[in-house]
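Engineer: Here's the letter readout for the chains.
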Amino acid sequence: MAKIKIAQYWGAGCGGCDVALLDIDEKILGVAEIADIVFWPIAVDTKLKDVEAMPDGYITATLYNGAIRNSENEYVAKLLRKKSVLMVSFGSCACFGGIPGLANVTNGKDILEYVYGKTFSSDQLGKPDKVYPQHITHTKDGELELPVLYDTVMTLDQVIDVDYYMPGCPPTTNLINDFLGAVEKHVKEGVPLPPKGTVIASNKTLCDECKRKKALKVVSELHQAMDVDMDPDKCMIEQGVICLGPATRAGCGAKCLNANQPCRGCMGPTAEVMDQGGSMLSALASVFKVDNTETRLNEEDIIKMMQQVKDPLGTFYAYSLPKSIIKRAVKEKKARKQEAKT
Amino acid sequence: MQTTAQVAQETSATEKEWQPKIVTFCCNWCSYAGADLAGVSRLQMPTNFLVIRTMCSARVDPEFVLRAFAKGADGVLVLGCHPADCHYIGGNYRTRRRIALLRMLLEQYGFDPDRLRLEWVSASEGPKFQKTIKDFTDKIKELGPNPLTEE
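Keeping their order, the protein sequence lines are chains A and B.
Note that the numbering used here numbers the first sequence so that position 172 is 189, with each residue one more than the last.
Note that the numbering used here numbers the second sequence so that position 66 is 376, with each residue one more than the last.
What the hints contain is simulated information worked out from the structure, not anything from laboratory work.
Misleading hints may appear alongside valid ones.
As the list claims (entries may be wrong) - No more than 25 angstroms apart at the CA atoms, straight line, and that leaves these computed lysine-lysine pairs for DSS-like:
| hint | chain 1 | residue 1 | chain 2 | residue 2 |
| --- | --- | --- | --- | --- |
| 1 | B | K331 | A | K348 |
| 2 | A | K221 | A | K231 |
| 3 | B | K331 | A | K344 |
So that you can see chain A by itself, here it is in the shape it has in the complex (with noise of 0.2 angstroms):
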């Protein structure tokens, strides 16, 4: 039987995920038995041009992870689509944008003017040397070329088109056990494979994993993970931490929450929500205590006690700028004015 064929690209990411498929432990002896990997920079020495000299659909399924926030990036992505029959979003900065989204909250001018114009190896003994990456170098051995850095930074399916996405920072071994299974049985058995689009996860929220007794679901003050001793038996945000478990998909067996750690969101938004963040920050402003002295408070204690709330978008969209139903920072007029003045 002729042997599928799999590989694995990064865009915009850590390289987590690509150690992330090696987790699964023995189960790659079986990857190995029923595949072939055909393009893997971290791992095997195909090059590009080799992807480049490969019929279309050649490749069976093509795990990208990382977000697109470069013209390589995109170009990569839009040239595995086409040599692949398969496109896995793979992990939160592929499907979401995942922490390299949240450069959303900024520009691409603005990062490198800052990076090579203002950080301190960019700025010897207070003169900083100008010197900022260019997209087409000519020395006198030819022309040089870099990637150009976009000023958005954007989600795997906002380029091309994507047939199934695997959340998670990184995606736990249980699921690409699952997924991997699934084209095994696919390719061995003939055993259909899950319908387009479909996120290879759970449908329910975190905290329907989550075994932390909920009692009051009440919170009155909320702290810093670190500044609390945390029971390991009952819920997070009853304890005033910031857990995004309510406005998160299930799926990755609530590890965080049993190593004592609250949820991030990195598994991304359930299936039935638009927005992450919105989501998040509705659950976690309901459950604010509300007693009897509600009618006293006025409009300024209200944002007193929301301003407990320290950094709500770096909170609510660690994960998932991009995705977003805004999914960039803008400028209002008035500040666009004020720049071009200083």
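Assemble chain B onto chain A, guided by the hints.
Structural biologist: Relative to the frame of chain A, chain B by itself:
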């Protein structure tokens, strides 16, 4: 060929013509009745707003507000029952927490938080509805178009 003066005149003309789009969420029990009262009392007010009736101001999911801005609303007004008057006892208390937090979030996105306002309008407060609409429309005219959909 256009002269610079002509271009400047034209832009000021389009600026004059620009009318804000405002989405107003009214709760079924107080504010919608208040808006109705303002209407049957023939109180004059700007017509830049669309009313969406919800059963309670707490039914206004933050997602609704974010979507309104993403689809081009220049301002969003959420109107509910006064504290202690909520038909569902405590819905408006949830609303005011959510809106306060949502305003913080909008500011981080770069929006002027004044594009989102929460007011209490009871069923008997037709004039307050009129005043709220007037004030908010003026505020949004001052802020200009939604920066997200402007380009």
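Engineer: Each hint needs a verdict: does it hold in this structure or not?
Structural biologist: Hints versus structure:
Note on B/K331 and A/K348: the hinted pairing holds, with a Cα-Cα distance of about 19 angstroms set against a maximum of 25 angstroms. Under the criterion of a C-alpha separation no larger than 25 angstroms, the hint pairing A/K221 with A/K231 is consistent with the structure, at around 17 angstroms. A threshold of 25 angstroms between alpha carbons decides the hint, and for B/K331 with A/K344 the separation of about 21 angstroms falls inside it, so the pair holds.
Of the numbered hints stated above, none is contradicted by the structure.
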